[in-house]
Structures are given as C-alpha cells and as structure tokens.
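S.K.: Quick mapping for you: the protein sequence lines, in order, are chains A and B. First residue of the first sequence: 1, per our numbering; consecutive thereafter. First residue of the second sequence: 206, per our numbering; consecutive thereafter.
Since the hints were derived computationally from the structure, they do not count as laboratory data. There may be inaccurate statements among the hints.
[Said to hold, decoys possible] The calculated label-pair distances, taken between Cβ atoms and stated as ranges, are:
id, chain 1, residue 1, chain 2, residue 2, range
1, A, G95, B, D251, 31 to 39 angstroms
2, B, N307, A, V6, 45 to 53 angstroms
3, B, N307, A, K182, 39 to 47 angstroms
4, A, V13, B, G332, 53 to 61 angstroms
5, A, E170, B, R347, 46 to 54 angstroms
6, B, R341, A, D178, 26 to 34 angstroms
It should be emphasised that the depicted structure is a prediction, and the values quoted were computed from it without experimental measurement. Even for Gly, the Cβ is constructed at its ideal location relative to N, Cα and C.
The primary structure of each chain is shown beneath.
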Amino acid sequence: MKRNVVVFVMLVVVVIGMLSVGRYLDRTRTHGPTKLVGNVHNVPAPDFELPTLDGRRLKLSDFRGQAVLLNFWATWCPPCKIEMPWFVDIQKQYGKDGLVVLGVAMDDTEAAKIAAFAHEMGVNYPVLLGTDQVSDEYGDVQSLPTTFYIDRNGNIVTKSVGLLDRAEIEDDVKKALDSKYKPATLQPDRVQAVLKVAQVKEAKR
Amino acid sequence: MKRLLFGLTACFVAVLSLAQAPGERLPSVIVAPIGNVQLRAGGTADLALDFRIGTDFHINSNKPRADYLIPTVLKLNSQEPVAVADVKYPAGEDMAFSFSPNEKLSVYSGDFSINAVLTAPASAAAGTYPVKGELRFQACDRSACYPPRSIALQFQVTVVKK
Numbered sequence: 001m002k003r004n005v006v007v008f009v010m011l012v013v014v015v016i017g018m019l020s021v022g023r024y025l026d027r028t029r030t031h032g033p034t035k036l037v038g039n040v041h042n043v044p045a046p047d048f049e050l051p052t053l054d055g056r057r058l059k060l061s062d063f064r065g066q067a068v069l070l071n072f073w074a075t076w077c078p079p080c081k082i083e084m085p086w087f088v089d090i091q092k093q094y095g096k097d098g099l100v101v102l103g104v105a106m107d108d109t110e111a112a113k114i115a116a117f118a119h120e121m122g123v124n125y126p127v128l129l130g131t132d133q134v135s136d137e138y139g140d141v142q143s144l145p146t147t148f149y150i151d152r153n154g155n156i157v158t159k160s161v162g163l164l165d166r167a168e169i170e171d172d173v174k175k176a177l178d179s180k181y182k183p184a185t186l187q188p189d190r191v192q193a194v195l196k197v198a199q200v201k202e203a204k205r
Numbered sequence: 206m207k208r209l210l211f212g213l214t215a216c217f218v219a220v221l222s223l224a225q226a227p228g229e230r231l232p233s234v235i236v237a238p239i240g241n242v243q244l245r246a247g248g249t250a251d252l253a254l255d256f257r258i259g260t261d262f263h264i265n266s267n268k269p270r271a272d273y274l275i276p277t278v279l280k281l282n283s284q285e286p287v288a289v290a291d292v293k294y295p296a297g298e299d300m301a302f303s304f305s306p307n308e309k310l311s312v313y314s315g316d317f318s319i320n321a322v323l324t325a326p327a328s329a330a331a332g333t334y335p336v337k338g339e340l341r342f343q344a345c346d347r348s349a350c351y352p353p354r355s356i357a358l359q360f361q362v363t364v365v366k367k
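Isolated chain B (complex conformation) (with noise of 0.2 angstroms):
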C-alpha cells in the first residue's frame, strides 16, 4: 500500500509537472512514506527514506564536487530519548551536462534512499517519540537551476523495553 501511495503520489507530481510549460516546471522530491520504526530500549534501527526526484531532474549529492555547489542534507530533529546516531548518504553519480561538458558533477536523480542510525539507551522509556526533519535540495535540469529548497518529513519511534 505504501508503494502504491509513493507511485501514484509520483505520478500525480510528474503529471503536473508535465502540465507546465518549459521553463515553468519546478523540480519536485517526494518522500515515500514513513512507517512506525520499531527500536529497542539500548539497541540501534537501521532506517531508509526513500526519495524519489521529478523526472529530468538532479539535485547535487552531499558531497558535490565543487565548493560553489549546495550539497544535499538530511537533518532530522529527535526527541530524548531517540537519537540520531548517523545519517549515511549515498554516493552520488558522476555526470556530466550539455551546459558542462568537461565538468562532472556528483548528482541524485531518479530514486535515492538515505539511511539513518537511531539509537535509545538501554534506560529509555517504552513509548512513542516522533522525529521530524527537513531535507534541504538545490536541483536543476539539462539546461536550468532553481532556488534551494526544502521539504518536510516525520514519523514516529516506538522504543520497546527488551
């Protein structure tokens, strides 16, 4: 049901993308449901979010390659006593444009995931805690860039006792 939601919620942005003239479409990244993360009072969740970027789209990876260029950034904001251990991003692909053709930049297109390490200490309540957090983009097509921007996302860790 989620992979339903996430391609229709898809294909509802690609067609509206697709209704605006040239030069008028903004890039768009969704990002795919959340489910309830389970995590044990002391232990560690492993957790993917998935995105998924506007067709003919990039956005720069977190590691672009030059220092003029906005990186990708996932910050999540936990509440005790979830925390975030680490965020790891995917490499992101070499490729060059028509604008730059000697140029290669490290860029996220199509579907990418990020990974987060959520951690509670072993005297951790049992409950639900949400987490919420921003994920901050600079995206451009072949021809075009457009401002930074951000979107929004939460979900909910439940903390069990062992």
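This is chain A alone, in the form it adopts within the complex (with noise of 0.2 angstroms):
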C-alpha cells in the first residue's frame, strides 16, 4: 500500500516534470510562420478565408486599411452571448471611424442555427463559420470568448481571452484604431530598402 502511493507520487512528479520540459521546449522553439504563440503584440494577424453565414467566403486581408475586432465564440458560450450586443454597439459606433467586428462562430453544429442565434441576438456584422485550422493558427483558440484586436495595418494590437468589461473592449478598439493605415508599397522603410537594393545594383554596373 505505502509502496503504491511512493510510486503514484514519484509517477506524478515524473510527469509534471516532463510537461514542465515540454512547455519550456514549446515556447522556446520556431513555430511556423502564422501559428501565434507567446506575446501577440504587432504580430501580423494570419490570414484566412472563412465562409459566411450568408454563403459569402471573407478574407482577414479583405479589411486591410480597417482595424478589425475578431471574436471567436461560439452558440454555447454564456460569456459570448453577454458580448454580442455590445459589439453590435461596438459596430454601429465606431464602423465609421473604419472598425470592423467579424464574429467566428466555433460551433460544431450546422450554420442555420448558428445564423438563427446570430439572428436573435441582433448581430450585425458578419460571423465567419471557423475551422480547427484557423483556431490553430490563431494559437488554438480553446478558452471563448477570445478576442483579437488588429489595427488597420493588419498587425495584433491586442488579445483578450474571456469577458472583459465593456470598457475595455472598447478601450482595445480604439487602440487598434489609433493606427494609421500604411500600404504595403508606401512603406518607407520598405522604400527606402527597395532604394538601396537599386542603388547598389547601379553601383556595380
């Protein structure tokens, strides 16, 4: 009996300290280029193409030049329901100022009740049906309501997992608002670097 519970523990500790290795080794190695892991801030948001509600398919990228609130939820989500009415505000104010919300509805049921939720909740933007693979790539989004805050430049401002005040969300969009859109070609360090690489090329003419 007492040499069973020697073993459990020497087991357990064992074990922990396997996962404690594992998750160091994790955070420490190259992940591929779009999976977020770690500190999100100005990140590039990864890109994707999601079908809508509407039988529509919508890219990340097709709201460059626009900061965008992502919130992944889901019908089963108590938290998530408490937020939607705030982001149909959320929309209604600042889409003006050039914020997008786009909802991801993390369901593993069929679209119409998950357009028939929306629909009750008075949602006004558009809900993207997600994939494991966006999830994924987005840092395997498990905890919902989980929100990304991209600026108009398509980089993470911010990330929120769980509910937050009204207050701060709406503090988070007008970060992701602050920035100011800056086309990939009008870049000046981008431009500068493309002067250079023209520059040295004369040069060895």
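Combine the two chains into a complex, taking the hints into account.
M.R.: Right under this line is the structure:
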C-alpha cells in the first residue's frame, strides 16, 4: 500500500517534470510562420478565408486598411452571449471610424442554428464559420470568448481571453483604430530598402 | 485505496491545471475508479458514478436552463444480458456568474454523482460483462467557456445466479 503511494507520487513528479520541459521547449522552439504563440502584440494576424452565414467567403485581408475586432465565440458560451450586444453597439459606433467586427463561430453544428442564434442576438456584423485550422493558426483557441484586436495594417494590437468589461473592449478598439494605415508598397522603410538595392545594383554596373 | 487514488489523481490534475497560465487552463473532469459491480440475475443494481470537476470550473447540469446550453450526458453501453435501465442525474445547482448576473444557470461543480440502474434477466448466464461509457460535458469558468468534451469510463459487471 505504502509502496503504491510512493510509486504514484514519483510518477506524478516525473510527469509534471516532463510537462514542464515540454512547455518550455514549446515556448522556445520556432513555430511555423502563421501560428501565434506567446506575446502576439504587433504580430501580423494570420490571414484566412472562411465562409459566412450568408454563403459568402471573406478573407481577413479583405479588410486591410480597417481595424478589425476578431471575436471567436460559440452559441453554447454564455459569456460570449453577453458580449454580442456590445459588439453590435461598437460596430454601430465605430464603424464610421473604420472598425469592422468579425465573429468566428466555433460551434460544431449546422450553420442554420448559428444563423438563428445570431439573428436572435441582433448581430449586425459578419459571422464566419470557424475551422480547427484557423483556431490553430490563432494559437489553438480553446477559451471562448477570445478576441483579437487588429490594426489597419493587419497587425495584432492585443488579445483578450474571456469576458472583459465593455469599457476595456472599447479601449482595445480605440487602440486598434489609432494606427495609421500604411499600404505595403508605400511603407517608408520598404521604400528605403528598395532604393538601397537599386543603388547597389547601379553601383555594380 | 480507491478514495486515495481518486484524491491523488484529483491533486495531480489540480497541480497541472494551476501550472498553466490564466486563459490557458483547460477544464478537467475525472471519474473515480469504479469497482466490480455485483448483479443478481433477475435483479437490479444501483451504481453511483463519482465525478470531480477541476477547481474554478463548472459544467452544465443534465437540465440546463436554456436551449443553447449543452447538457451533461452520461452514455453507457452494456453488453447482454446486462442492461442499463435508468440513469439518474443530480439536480443542478442554480448559480449566477459575474458574466451573467441576472441569469441563473443550472450547473455542477466540485464533486457530483450520477446513478445508473443496471438489470439482468433471471435467465442471464453467470459471468462478467464489460460496460463502457462516456460522460459528455461542456465546461466554463467565471469568464470563459471551453468546447464540449467527453471522458471515457469502463467497469465490469459480474452477474451471479440466485
């Protein structure tokens, strides 16, 4: 009996050790270019193309130049339900400033049920049907709601997990809207880099 | 010994759960070890299945208060001659959470038991028969919810003649 307990405790210690090492390695190793891990501030939001409830397909990059509130949610999630009317108001209030709210439904159910739920909640923004791949690319979204605030250049300003106060959500929306849109071809550092390459080529001739 | 193992497993799960950063913690539900069930041919046996939910988490009861919530459901698949006559769920605890102070939810938290009633006909041959099952649940904590999950369980039923 005592021996069993000792063996069990040793097993627990070994497993915890292995998990800790695993987590450490997971944090330090290089991941693929689009999978979000750790601090996501200023990291480019992985692009995706997903179907909407009304049968269209939308890409995140379609909204470049606008700030995006990207909200992962599900119909079975009460805290998500609390946020939805706030997002409706936020879309109304900040839409004219260039904000787009996108909902990504992570339900494993038919689109019609999700559509009925969204209709009941008065949702006025596009709802996309999420996939495991997109969830994985955004860091394996397990906790709902999880919301990414993306600036006009497609970079993540911040991420929130779980229900926040509406005031906190609005603060994060304002941060995302604050950024100025810099079209890729006109970014000064990129222009400088291109000019430098051209100068080097010219000098070599 | 069973209780000790259940307790140690629960501690292990709790330590793992606490080792994770906020927002990365995933809910855990574990089932206590289930001993061999004795069932008389022609009779019934009541079996209590004990579950423990990780600290700070809750799961919907079998009868949540809204259609959009996913109920906790125990499915048991027995092998003839053993049959599952009934599954009795405990009543949920009505709780309001900070995310929805005006809406009470019917939930299980901490430890809870589900009772199964097993039967075997009088003609049942003596022997040991496996029962497999799964508990499907959907968990939340005070600010977030997690996708529905299932945990497997298994036990043996020994049918004895009168």
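S.K.: For every hint, state whether the structure bears it out.
M.R.: Now for the hints, and whether the structure bears them out:
Taking the beta carbon of each, G95 of chain A and D251 of chain B are about 59 angstroms apart, not inside 31 to 39 angstroms as hinted. Take N307 of chain B and V6 of chain A: their Cβ atoms lie about 51 angstroms apart, and the range 45 to 53 angstroms holds. The hint said 39 to 47 angstroms for the Cβ distance between N307 of chain B and K182 of chain A, and at roughly 45 angstroms that hint holds. The given range of 53 to 61 angstroms is broken by V13 of chain A and G332 of chain B, whose C-beta atoms sit roughly 41 angstroms from each other.
The beta-carbon spacing between E170 of chain A and R347 of chain B, approximately 22 angstroms, falls outside the hinted interval of 46 to 54 angstroms. Restraint check, R341 of chain B to D178 of chain A: a C-beta distance of roughly 44 angstroms breaks the suggested window 26 to 34 angstroms.
The structure fails to meet hints 1, 4, 5 and 6 from the earlier list, while all remaining hints are met.
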